[in-house]
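Work out the full structure, taking the sequences as your base and the hints as a guide.
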Amino acid sequence: MLTMDKSEDVIVPPADAAPAAVLPVAAERIAPDTVGDVTARNAVICVRGGNVHYGDTHALINVSLDIGRNEVIALIGPSGCGKSTFLRCLNRMNDTIESARVSGDFRLDGQDMYAKGTDVVMLRARVGMVFQKPNPFPKSIYENVAYGARIHGLAANRAELDDIVYGSLERAGLVDEVKDRLDDPGTGLSGGQQQRLCIARTIAVNPEVILMDEPCSALDPIATARIEDLIDELSAKYAIAIVTHSMQQAARVSTRTAYFHLGRIMEVGPTDRIFTNPSHKLTEDYVTGRFG
Amino acid sequence: MMVPDDDRSSRQLSPEETRRRVDASLRRRYRRERLFRFYGLFSVCLGVVFLLLLFGTIIGNGYSAFRQSFIHLDIHFDADVIDPDGARDSDVLSVADYSLLVKAALRELIPEAASRAERRELNQLVSAGAIFSLRDTVMADPQILGQTKPLWLPLNSEVDLWLKAQASGKVGAEVSTRLSEQQLAWLERLQAGERIELRLNRAFFTSGDSREPELAGIWGATKGSFFMLLVTLLLSFPLGVAAAIYLEEFARRSWWVDVVEVNINNLAAVPSIVFGLLGLAVFINFFGLPRSAPLVGGLVLTLMTLPVVIIASRAAIKSVPPSVREAALGIGASPMQMVFHHVLPLAMPGMLTGAIIGMARALGESAPLLMIGMVAFIVDVPSGPMSPSTALPVQIYLWADSPERAFVERTSAAIMVLLAFLLVMNATAVWLRSRFERRW
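So the protein lines, in turn, are chains A and B. By numbering that gives the first Met the number 0, the letter at position 15 of the first sequence is numbered 14, and the numbering carries on one by one without gaps. By numbering that gives the first Met the number 0, the letter at position 227 of the second sequence is numbered 226, and the numbering carries on one by one without gaps.
Honestly, I wouldn't trust all of these hints.
Claimed, not checked - Ranges of calculated distance between the beta carbons of each label pair, as one might list FRET restraints:
no., chain 1, residue 1, chain 2, residue 2, range
1, B, P289, A, R100, 51 to 57 Å
2, B, K317, A, Y53, 20 to 26 Å
3, B, L52, A, S98, 52 to 58 Å
4, A, K280, B, M335, 46 to 52 Å
5, A, K280, B, S253, 44 to 50 Å
6, B, V423, A, S189, 40 to 46 Å
7, B, D257, A, S189, 40 to 46 Å
8, A, Y165, B, E32, 57 to 63 Å
9, B, W430, A, E176, 34 to 40 Å
10, A, E176, B, A23, 55 to 61 Å
11, B, K317, A, R100, 23 to 29 Å
12, B, F41, A, R149, 56 to 62 Å
13, B, E32, A, S189, 36 to 42 Å
By construction, these hints were calculated from the structure, which means they are not laboratory data. Note that the structure is a prediction, hence the values are computed from the model and not measured. Ideal Cβ placement from N, Cα and C applies to all residues, glycine included.
And the structure:
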C-alpha cells in the first residue's frame, strides 16, 4: 500500500535506526535556505524540499524539517509566513483547499504521505490536529471524544469505548470538570475547556504526532497556562508541532524552534539558542520584537 | 467656491458652529428615520389588510358550505318496490328504483300535491342523490326491507341556498331563487313541522366530485393531492439533497459543474406549465403511464420542485461552519463520514424548510396538472397513486367554472381546505426546524 521512495537525494531515516548513521549528508545540502540543523534525533516526520502553491502564490518554498519523537517543536514567524500551511501539509489538510498544490518529500515514519496509494484517513488518524478556534462537534462531550475511536473501530465494545473516553479526558486534564456531565453538549463548555476537549478528542485516536495550529490564540491567559501544562505532559508520549504567535509560549513549551519567514524556514535550532543567540538576522529581529 | 490652500487652516470650524451643524444634520437624519419607519409600517398594514380581506371573503363565502339542509323523511322500505322476487339478491337491490320510496314519503307529508306537475315540483325539492343513501342503507342491512325508518336526506342545492339565505335573516324578494311559489310554501310548511334542518355537510368531506353541488365533496381531490405530494416528497427530497451534497462537497470546480449549476438555477425559474408539457411528452406519451394519475402528477411536480430543493439544500450545506468539517477531517473521518455525521445533521433544518416550501408550492400548483389530464371530472375517490384523480387546486378551478350557484360557496370552502393544508405544512416545517435545531 505505502511505498518507500528510493530516490537518492532524499534522506529517509528508518524509524529505529540510530540518527547519526542515516545522516551522511551535510545539513547545508538538505536545506540550503535554512540556518541550523533541520534534522532531529529519532525523527517521526521528515520533510525535504516541501513546496506549496495556492494558485499563483508560492506559499511554502523549499522547506526541510524533521520532527522527532517526544519533542515539542514550535513554528514561529510573522503572519502569512507559511507556518500554518506547513503544519497543514503534515496531515494533508491542504487537500481540502482546491487551489493548493503540494510538492516535495513528506514522510511519516519513512512512508511518503503524498504517494498515490497513501490512505489519507489512516494518515490523519496517525497525525492528529488541534485547530486555532476550539471546534468541538455539536454533540455531547462523550460523543466528541468517542467519535474518532468509533469511526476507526478502536473499541470493541462499550466498556472499551468508555475507557478510551475517560482516559483521553484524563490525559487532557478535563475529566474532573466534566465527568458528571458527559451528556451535555461539548459546545456548552468554556473556551479553554472546549480546546482541551478538542485535544482529548485528538488523543483518543492515539496518534503519533499532534499538530497544534495556534491552539491558545482564542483563550485567556489562565486557560492558556493549562493548555501549556498539558502540552508539557503530552510531549512524553507524542511528537508535537505547535504554531504560535506568542514568543513566550514558544519559549515555555518547546524544545526546538523553527523560524518561518515569507514561506521559507530561516532558522531551526534548540529553543533556548533561538531565543538567546539566534544566528540569522531576521530571526533576531523577530524574537527581539523588532517586527512581526 | 474654490478656497486658496493657505486659507484652509483658518477655516477650521468653531466648536459652536460644529455643534450647530451636527444638530441640523441630526434633525434631518431623525426625520428620514421617522419617514422610513412610517413606510415600513404602512406596507405591513397594507399587507395585513389585504390578507384579512382575502381571508374574510373566502371564509364569508365558504363557511356555509360546511352545513347542508336535510329533510327528515319516514321512509318505508317497501319490499314490493325494491325486491319484488324476495330473493334479496344484491344485484337486484343495487339497481332498484329507490326514488319511488322518497316520492312516497314526500306524498305522505304533502298529500295535497295531486297533479303530475305538482308532484314533480315536490319531488324536485329532495336531492337526486338521496337515493344513494337509501341504497347504501339497504345494501348494508337487507333486513330493513318491509320496515319504516326515519332518515335525514339531503335537499336540492337550490332549496339549500334558499334555506341558508333565510337562516341568515334575508326575507322575501331579497332572496333570488328559482323555486316556485308553491315550492316555497311547501318548504315553509315543512320548516314549521320541523322536518327541515341545517346539519353538518358530511358529504363535502367524504365524497368525490359530483354534478350535484349538494353531493360534491373534496375528499377525492384531497387524496389525489396527498398521493401526489407523497410521490413528490419521496422523489424530490432524497434526489435534491443528494445532488446538493455532491455539488457542494464532492464535485471539483470545473466547467461541467458550472453548467449544471446554471441549469439548476434556470430550471427553478421555468414556468410550471412547461413542466406539465414535459410530463405529458415524457411520462404519458413516451413511458405510457396512465393519464390523470397522481403518480404522473407527482413526477411532474418533482421536476418542478427539485431545483428549489437543491438550491435550498446547497445554501443549508454552505452555512455549516467549515470548522466542523476541519474537525471531522482532522480526526480522520472520510469525506463521506464528515458529510453524513456532521454536515447533514447541521444542515437538516435548512434542507427540510426548503423541501417543505417546495412542497407547499407544489401543493398549490394547478397549471402543469391540467396538461397531464388531472382536470378530468372524476367522481371516485382515488385508492392509490395510479388511480385517476384530481388535485385540490384543480378541483377549485373546476368548481369555480361550474354554472350551479351552489358551487360558489363550495369553491370557497375548498380554498379554505387548501389553505388549512398549507398552514399545516408550514407549521410542520417550523416544528421540524425547531426540533432539529434543539440539538445545538
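Do the hints match the structure? See the list:
| no. | hint | in the structure |
| --- | --- | --- |
| 1 | P289/B to R100/A: 51 to 57 Å | holds (56 Å) |
| 2 | K317/B to Y53/A: 20 to 26 Å | holds (21 Å) |
| 3 | L52/B to S98/A: 52 to 58 Å | holds (56 Å) |
| 4 | K280/A to M335/B: 46 to 52 Å | holds (49 Å) |
| 5 | K280/A to S253/B: 44 to 50 Å | holds (46 Å) |
| 6 | V423/B to S189/A: 40 to 46 Å | holds (43 Å) |
| 7 | D257/B to S189/A: 40 to 46 Å | holds (44 Å) |
| 8 | Y165/A to E32/B: 57 to 63 Å | holds (58 Å) |
| 9 | W430/B to E176/A: 34 to 40 Å | holds (35 Å) |
| 10 | E176/A to A23/B: 55 to 61 Å | holds (58 Å) |
| 11 | K317/B to R100/A: 23 to 29 Å | holds (25 Å) |
| 12 | F41/B to R149/A: 56 to 62 Å | holds (57 Å) |
| 13 | E32/B to S189/A: 36 to 42 Å | holds (40 Å) |
Hint violations for this structure: none, all hints satisfied.
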